[in-house]
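Top line first, the protein sequences correspond to chains A and B. Each number in this note's numbering corresponds to the 1-based position in the first sequence with 2 added. Each number in this note's numbering corresponds to the 1-based position in the second sequence with 243 added.
Derived by calculation from the structure, the hints in this document are not laboratory data. None of these values were measured; they are calculated from a predicted model. Don't take each hint at face value.
[To be verified] With a cut-off of at most 25 Å between alpha-carbon atoms, the simulated DSS-like pairs for lysine-lysine come out as follows:
(1) LYS195(A) - LYS335(B)
(2) LYS335(B) - LYS212(A)
(3) LYS334(B) - LYS195(A)
(4) LYS554(B) - LYS195(A)
(5) LYS24(A) - LYS546(B)
(6) LYS195(A) - LYS532(B)
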Amino acid sequence: MAIIEQKTIPLNGDEAVAYAVKQSDVDVVAAYPITPQTIIVERFSEYVANGEVDTEFVCVESEHSALAASLTASLTGARAFTATASAGLALMHEMVYVTAGCRAPVVMAVTNRALSAPINIHCDHSDVMAERDSGWIQLWAENAQEVYDSIIQAFRIAEHPDLMTPVMVNLDGFFLSHTLENVQVLPDNVVRKFVGIRQYPLVSDTQGKKVPFKLDPDFPLTMGPLDLPDYYFEHKRQQEEAMHIAPKIIKQVHDEYAKLSGRSYGNGFVDAYNVDDAEIVTVCLGSTAGTTKTVVDQLRSKGIKAGVLRVRTLRPLPVEDIMRALENKKAVAVLDRSNSVGGQGGPFFHEIRHVLYGAQSHPPIVDYVYGLGGRDMPPALIQNIYKDLEEIAKTGKVKNLVQFAGVRE
Amino acid sequence: MITIKELTEKPELFTAGHRACAGCGPAIALRQIMKALRGPTIVTEATGCMEVVSTIYPYTAWNVPWVHTAFETAAANASGIEAALKVLKRKKRITHEHVDVIALAGDGGTYDIGIQALSGAAERGHDFLYVLYDNEGYMNTGIQRSGGTPLGASTTTSPAGTVIPGKTQHKKPIADIMVAHDIPYVATASIGYWQDLMAKVRKGLEVEGPAFLHVMAPCPRGWRSDTAKTMEISRLAVETCVFPLWEAVNGEYGLSPISKAIALKPDRKKPVEVYLKMQRRFAHLFQPKFQHIIKEIQDDTDKRWNRLLKKCNIPQVAVSKT
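Just need the whole structure built from these sequences, with the hints factored in.
Here you go:
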């Protein structure tokens, strides 16, 4: 298949979300505004007001209701989307788990922002780290282009009849949400064909008859019932089973989309930049990868074997990819845009360090908590981290397991 | 108005075999509601007694599509379902000409934790019927007080002690709050008067836009009442005007026949004492030191009743004797 001709338009990250949703034949959008996600709902409201989409836009009174309404719309058979950030995601927390447990393929954009207190509207990853264990697939974007591409892919992934698992697409607040980029967009009809019309897996009703999995008066199903100790465990186990087949589907969708658009993101799970022959590597999520890649280029020009591994799917965690990429390195640093207070490093550090425990060899690994509340992560700070890694690689000794980069001590 | 004979021919959409207690008012309410449907219907329900007793996996008492998500979400759920039905019909992806949407919740899920979602859904004007089955407390979790628990009732979080006589606050006027949302239909109903209840369910489904039905449904466990007296107590709530039956169509209040008869012949209005006496949650009020609470309940009942008569443009004939 030849790559489709595309136009390039200026979009910030939030607008890229709204544009992708507009093209994806979404039936119901239920959302509530919160900085820095607001542009998504504003743009989408304009599409509705101008008749550019055939979507029911439910402008709810809270994020809790936003996800509840998206969830039941999805269970009724609609393609459903919502978006939030920070406190909004925290307010949704209960429904984040319920949506995954109900196996409703909702897609949600999370414009990552710090959690209160103190109140702060800028970027960090504290909001979504509280949802790691909820049962959602998590895609993380590096730039507005990837935001656009990932939203479109998310519908295909979530709604796959073998998966039926909600997907959240994370984009860094302000760094991505409010920064204008040139974004290549596919023609409307191409996206529409790519996402297709929602299909419903068949499930057994109480009489053992196979019926479509949706709220349909012709085939009455009871959804979200009381599940006691005799069945709950199996249902939670089924969610884990779905996560095990998710990589196959994520890969398939990513590769099919790459053929269409000419754009791919590493292997779909991790984006390894100069990692193969690297001796020192940083691991990060989101937009920080862009700056870090620039720093890696500078270091390489000086003959320093540096690399950066960006994780694109935090859930399912690409254990093998991360392990293979890191196990033979001389030193590894995790860049954590959130902290697990009292937990020895940030949550992302826990994830990566945990993966390395199963590796053949164990490079020294350290954590740098950075950028909380939108604090900038300039190249100089990243250069210092690589300097530390060179020292660790040379001596094999870790002086500080966890450090805070860019904070006044 | 529907007859008993016609009722027996209607399918049981809320079936036998659920695990509700003997004499459960809400279970009776659901059976009556589900016999009043007019066509294809999707039901969503808040966490609560009726959700718990009717859907213990792998069993279900529901012969209609039914969904539960959380405690505070009945109205938000209905919003999502209604929005989905609208757009799927427009896109010709469903074949039904119309599907009714009913949200069910108890008093905890309505007066307290669910009122934000309910208010939002009413303001947005979704076409659905919200049914509050009011058993005046968090019965499922062990009889705790809610915003719907009446003055003087003893619950596990408003226990009648030696100093404090049960709940010290009044019941929130939830149905009036919903009338204030300027929605097309609000009504109160009692399982003691099933024909009235079913007629109101039907009206609530027929109006375009949000409808709210407040159903009084006694809980023998929580009210400490005789399981055989659920219907009698339900009727007494109406006959004492503790829970008058009325409806507000497009904001215009009108008394329903049972309560209208009392309004026109005030000597039919029974003192609240006869209602309170049948429920041991009020037993402590009959001690001399707490008897003033009974008077307070009577005064409050009279005040609300007179206010209602005014709204219904019925001249106040007399106040009840205490």
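Now for the hints, and whether the structure bears them out:
1. The straight-line distance between the Cα atoms of LYS195(A) and LYS335(B) is roughly 18 Å, inside the 25 Å bound, and the hint therefore holds.
2. Between LYS335(B) and LYS212(A) the alpha-carbon distance is near 23 Å, which keeps this suggested pair within the 25 Å criterion.
3. As the CA atoms of LYS334(B) and LYS195(A) are separated by approximately 16 Å, the hinted pair is consistent with the 25 Å bound.
4. Taking the CA atoms of LYS554(B) and LYS195(A), the gap is near 58 Å; set against the 25 Å cutoff, the hint is violated.
5. Only pairs whose Cα atoms come within 25 Å are accepted, and LYS24(A) paired with LYS546(B) is rejected, the gap being roughly 55 Å.
6. In summary, the hint linking LYS195(A) to LYS532(B) is not supported, as the alpha carbons are separated by about 76 Å, beyond the 25 Å threshold.
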